[in-house]
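Engineer: Those sequence lines, one after another, are chains G and B. Position 290 (the first sequence) corresponds to 289 in numbering that gives the first Met the number 0; numbering is contiguous. Position 304 (the second sequence) corresponds to 303 in numbering that gives the first Met the number 0; numbering is contiguous.
Think of the hints as simulated: they come from the structure by calculation, not from any bench. Given the structure is predicted, the values throughout are model-derived calculations rather than measurements. Glycine included, C-beta positions come from ideal geometry on N, C-alpha and C. Watch out, some of these pointers could steer you wrong.
Chain G stretches covered by chain B per the calculated footprint, using a threshold of three residues with CB under 8 Å from any CB of chain B [unchecked claim]:
{"id": "1", "region": "74 to 80"}
{"id": "2", "region": "154 to 163"}
{"id": "3", "region": "270 to 276"}
Per the computed footprint, the stretches of chain G lying under chain B, defined by three or more beta-carbons under 8 Å from a beta-carbon of chain B, are [unchecked claim]:
{"id": "4", "region": "8 to 19"}
{"id": "5", "region": "54 to 61"}
{"id": "6", "region": "113 to 124"}
Residues per chain, in single letters:
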Amino acid sequence: MAHANNGYYVPHGTTWPIVGSIGLTTLVVSAANFMNGTGSFWLTAMLGGLAIVVVMMFGWFGIVIRESEEGELYNEQVDVSFRMGMIWFIISEVMFFAAFFGALFYARQFVIPWLGGDGSGLATQQFLFPDFEAAWPTNGPGELGGAFATIPAFDLPLYNTLILLTSGVTVTMAHHALKHDQRKPLIWWLAATVALGFIFVYLQATEYIHAYADLNLKLTSGIYGSTFFMLTGFHGFHVTVGAIMLTVIMFRCMRGHFKPDNHFGFEGVAWYWHFVDVVWLGLFVFVYIL
Amino acid sequence: MSSTAAVHQDDHHHEPVRGWRRWVFSTNHKDIGTLYLLFSLAMFFVGGAMAMVIRAELFQPGLQVVEPDFFNQMTTMHALVMIFGAVMPAFVGLANWLIPMMVGAPDMALPRMNNWSFWILPFAFAMLLSTLLMDSGGPAGGWTLYPPLSLQGGNSFAFVIFAIHLMGFSSIMGAINIIVTIFNLRAPGMNLLRMPLFVWTWLITAFLLVMVMPVLAGAVTMLLTDRYFGTSFFNAAGGGDPVMFQHIFWFFGHPEVYIMILPAFGIVSEILPTFCRKPLFGYVSMVYATASIAFLSFIVWAHHMFTVGMPLGGELFFMYATMVIAVPTGVKVFNWVATMWKGSMTFETPMLFAIGFVILFTIGGFSGLMLAIVPADFQYHDTYFVVAHFHYVLVTGAVYSIMAAAYYWLPKWTGNMYSEKLGKLHFWLSTITVNILFFPQHFLGLAGMPRRIPDYSVEFAEFNLWSSIGGFAFGLTQLIFLYIVLKASFGKRTQELPDRVWEGAKGLEWTVPTPAPHHTFEQPPELRDEDLAHGDVAH
Numbered sequence: 000m001a002h003a004n005n006g007y008y009v010p011h012g013t014t015w016p017i018v019g020s021i022g023l024t025t026l027v028v029s030a031a032n033f034m035n036g037t038g039s040f041w042l043t044a045m046l047g048g049l050a051i052v053v054v055m056m057f058g059w060f061g062i063v064i065r066e067s068e069e070g071e072l073y074n075e076q077v078d079v080s081f082r083m084g085m086i087w088f089i090i091s092e093v094m095f096f097a098a099f100f101g102a103l104f105y106a107r108q109f110v111i112p113w114l115g116g117d118g119s120g121l122a123t124q125q126f127l128f129p130d131f132e133a134a135w136p137t138n139g140p141g142e143l144g145g146a147f148a149t150i151p152a153f154d155l156p157l158y159n160t161l162i163l164l165t166s167g168v169t170v171t172m173a174h175h176a177l178k179h180d181q182r183k184p185l186i187w188w189l190a191a192t193v194a195l196g197f198i199f200v201y202l203q204a205t206e207y208i209h210a211y212a213d214l215n216l217k218l219t220s221g222i223y224g225s226t227f228f229m230l231t232g233f234h235g236f237h238v239t240v241g242a243i244m245l246t247v248i249m250f251r252c253m254r255g256h257f258k259p260d261n262h263f264g265f266e267g268v269a270w271y272w273h274f275v276d277v278v279w280l281g282l283f284v285f286v287y288i289l
Numbered sequence: 000m001s002s003t004a005a006v007h008q009d010d011h012h013h014e015p016v017r018g019w020r021r022w023v024f025s026t027n028h029k030d031i032g033t034l035y036l037l038f039s040l041a042m043f044f045v046g047g048a049m050a051m052v053i054r055a056e057l058f059q060p061g062l063q064v065v066e067p068d069f070f071n072q073m074t075t076m077h078a079l080v081m082i083f084g085a086v087m088p089a090f091v092g093l094a095n096w097l098i099p100m101m102v103g104a105p106d107m108a109l110p111r112m113n114n115w116s117f118w119i120l121p122f123a124f125a126m127l128l129s130t131l132l133m134d135s136g137g138p139a140g141g142w143t144l145y146p147p148l149s150l151q152g153g154n155s156f157a158f159v160i161f162a163i164h165l166m167g168f169s170s171i172m173g174a175i176n177i178i179v180t181i182f183n184l185r186a187p188g189m190n191l192l193r194m195p196l197f198v199w200t201w202l203i204t205a206f207l208l209v210m211v212m213p214v215l216a217g218a219v220t221m222l223l224t225d226r227y228f229g230t231s232f233f234n235a236a237g238g239g240d241p242v243m244f245q246h247i248f249w250f251f252g253h254p255e256v257y258i259m260i261l262p263a264f265g266i267v268s269e270i271l272p273t274f275c276r277k278p279l280f281g282y283v284s285m286v287y288a289t290a291s292i293a294f295l296s297f298i299v300w301a302h303h304m305f306t307v308g309m310p311l312g313g314e315l316f317f318m319y320a321t322m323v324i325a326v327p328t329g330v331k332v333f334n335w336v337a338t339m340w341k342g343s344m345t346f347e348t349p350m351l352f353a354i355g356f357v358i359l360f361t362i363g364g365f366s367g368l369m370l371a372i373v374p375a376d377f378q379y380h381d382t383y384f385v386v387a388h389f390h391y392v393l394v395t396g397a398v399y400s401i402m403a404a405a406y407y408w409l410p411k412w413t414g415n416m417y418s419e420k421l422g423k424l425h426f427w428l429s430t431i432t433v434n435i436l437f438f439p440q441h442f443l444g445l446a447g448m449p450r451r452i453p454d455y456s457v458e459f460a461e462f463n464l465w466s467s468i469g470g471f472a473f474g475l476t477q478l479i480f481l482y483i484v485l486k487a488s489f490g491k492r493t494q495e496l497p498d499r500v501w502e503g504a505k506g507l508e509w510t511v512p513t514p515a516p517h518h519t520f521e522q523p524p525e526l527r528d529e530d531l532a533h534g535d536v537a538h
């Protein structure tokens with residue numbers, strides 16, 4: 000690392016992306032075959048693909064972490080590139096959720112009223128679904144999946160809201176500790192954030208079990224089940240990923256990584272965590288309360 | 000922009016490694032740009048071969064060449080391959096090659112991710128194309144994947160959806176890289192309003208990509224769960240609606256149309272000033288027009304679905320919003336014409352393609368205006384008029400601009416000047432045949448011939464015959480282009496070319512040696528007004 004000057008770092012050659020491509024392709028080809036019911040071998044192959052992706056992430060992030068901690072390759076400008084990259088990545092994630100929120104709003108504002116005979120849907124309703132009345136929640140005129148009950152907002156979801164909001168505070172406290180180079184509080188606040196994250200995931204899992212076992216609320220419960228499980232499911236997946244990221248960051252902090260004035264890895268994860276937090280607030284309002 | 004120089008892992012290895020490793024492990028923006036462009040060229044011929052099958056079947060009425068289901072697979076795959084495999088990667092390849100050189104950057108901002116953006120594509124397309132060999136055949140419900148039809152296909156469906164996921168992943172990473180490079184890696188003094196228009200149009204395109212590719216991912220994920228996991232997003236029995244898919248899809252789909260044309264605007268805005276030997280007319284208004292088009296692209300999507308049954312207020316809103324796009328687009332066309340006005344014009348091949356673009360793309364723009372009118376669209380919808388419209392904007396628009404760019408920058412990339420004679424032959428044959436191919440389709444559509452049907456009433460026979468002849472001739476003509484590109488890329492270098500290959504060319508890419516060395520601008524260049532393409536410099 001003989002380059003202590005102030006230049007922009009351009010790595011030469013990289014082996015991990017092609018590994019990632021092979022891993023992702025193995026994963027999705029196997030998933031497609033498995034979903035088509037062509038044998039349980041493909042489930043194993045899927046896990047294999049996933050393993051390759053995980054190895055790739057360890058390898059790729061490992062290089063970046065080493066370069067960041069050991070060398071002086073990453074100057075301020077490289078740091079800005081990482082920051083901008085993360086911000087635009089989060090924007091793309093927001094748009095992914097926007098598609099599902101859009102589906103929820105469109106279904107509630109237009110589809111259900113039209114199926115109930117509103118506006119130009121009158122004839123359709125009379126001839127096709129004369130017994131259907133527009134209401135929410137609903138599993139549609141075909142009552143797919145049978146009668147179901149919903150999860151009350153001011154119960155578990157409220158606790159989950161408080162948990163995530165608290166975790167947003169704890170991660171900010173950790174950030175302040177890092178900025179003031181107080182390593183012990185940093186690790187404890189981070190540990191608290193990780194714990195809150197996994198408690199959230201655990202509570203979501205119990206909620207799902209409760210929905211399936213007791214409420215007959217399933218993914219197949221018409222449009223309500225579809226939007227409910229896809230929105231909360233993708234959010235839960237993102238929380239899980241975020242919690243894993245926080246865990247990695249916590250171990251890095253325990254190893255003495257990051258400096259008070261230079262810790263993009265920490266901040267990137269913190270931003271991601273705030274993003275899943277904000278998405279949850281949207282879910283709490285539009286999926287659970289309204 | 001605090002940096003002064005680029006740091007490489009090893010100062011002594013500035014030449015690329017030899018063999019396959021150079022390409023598979025590359026982090027160099029020029030190598031990755033080359034990979035994108037070659038991949039795109041290959042897909043152009045794959046998609047073109049599918050178009051030939053379509054035109055062969057439509058050569059005369061009746062069913063003769065292929066089964067109707069295979070015909071449907073061809074129309075579906077032709078679109079997917081041309082959009083995601085040919086046009087988009089070609090523009091990303093151009094961005095990779097040119098943007099770092101145009102803004103004076105040592106490379107793309109995130110070079111490793113750049114490698115991944117490309118190397119997902121061959122896998123995604125291997126997956127997509129492999130569906131043609133499956134028992135159930137490839138997807139046959141049209142590239143728009145409308146449910147319920149698309150959900151009724153065979154086992155290939157999951158592969159198509161996952162392939163689209165991978166392509167979206169690649170596009171988003173590529174777009175993020177381009178945005179970050181433009182915002183963070185400009186040479187000192189390269190203010191936003193001094194950037195070449197190609198950089199500006201790509202910045203806005205990349206923004207559109209980040210905004211809408213995830214929405215496509217969401218839409219196709221809903222298709223996947225409807226098909227395999229029993230959700231009811233697009234199933235009325237469960238309280239869903241197939242029309243909802245169309246709304247979500249076209250929220251992606253309409254910005255996608257501009258993703259495929261804004262970089263073309265940028266290319267033409269680079270080439271016209273060079274061969275007119277005049278600065279671009281109205282640079283700042285070009286930037287604002289591009290941004291306006293991008294903004295409007297988010298609020299016009301439902302003009303693709305006027306006949307699906309929307310409330311009248313919706314039809315009116317989307318009609319007027321769509322027509323408003325003609326204003327910024329008109330600004331652009333008038334600026335190009337004003338750039339040519341009283342210029343000392345010469346007509347080398349890139350210039351011919353650029354002028355061809357301005358004229359023929361505008362025809363496509365006008366037919367688009369006709370389609371924007373709701374009552375007229377009720378007649379035109381899903382006819383060959385629509386096919387003619389979007390092929391004028393995509394073939395004589397996007398593809399012409401890519402060819403113009405290839406001729407314009409090929410000498411800078413390869414160090415070889417193409418044969419002007421062959422280039423002109425390519426242009427004129429293309430331009431004559433492409434009009435024989437697509438112009439009659441306007442009349443077919445107005446007379447009521449529906450698209451995506453392998454057979455037709457005998458009254459349409461003559462125009463279809465001409466269209467097919469034009470199609471075969473256009474397809475064959477592209478072999479000239481293939482020969483020119485391969486000869487320039489792999490042929491022996493016969494002459495020394497100056498840095499500034501075209502005497503009227505401006506922009507930083509013309510200040511580096513020809514062919515461009517593996518690494519450029521390891522030290523940020525000093526900007527001199529006379530080198531800059533246009534921009535808000537005092538003329």
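Engineer: With a C-beta cutoff of 8 Å, work out whether three or more residues of the region 154 to 163 of chain G approach chain B closely enough for the coverage to hold.
Structural biologist: violated (count 0)
Engineer: Is the coverage entry for the region 8 to 19 of chain G by chain B consistent with the three-residue Cβ rule at 8 Å?
Structural biologist: holds (count 11)
Engineer: Taking a Cβ-to-Cβ distance below 8 Å as contact, does the region 74 to 80 of chain G have at least three residues touching chain B?
Structural biologist: holds (count 5)
Engineer: Between the region 270 to 276 of chain G and chain B, are there enough contacts, at least three residues with CB-CB distance under 8 Å, for the coverage claim to hold?
Structural biologist: Result for this restraint: violated, n = 0.
Engineer: Can you confirm whether chain B covers the region 113 to 124 of chain G, using C-beta to C-beta distances below 8 Å and requiring at least three such residues?
Structural biologist: Coverage by chain B holds here, the residue count being 4 at a Cβ distance below 8 Å.
Engineer: Cut-off 8 Å, C-beta pairs, minimum 3 residues; does the coverage of the region 54 to 61 of chain G by chain B stand?
Structural biologist: Result for this restraint: violated, n = 1.
Violated hints, in rising order: 2, 3, 5; the structure is consistent with all others.
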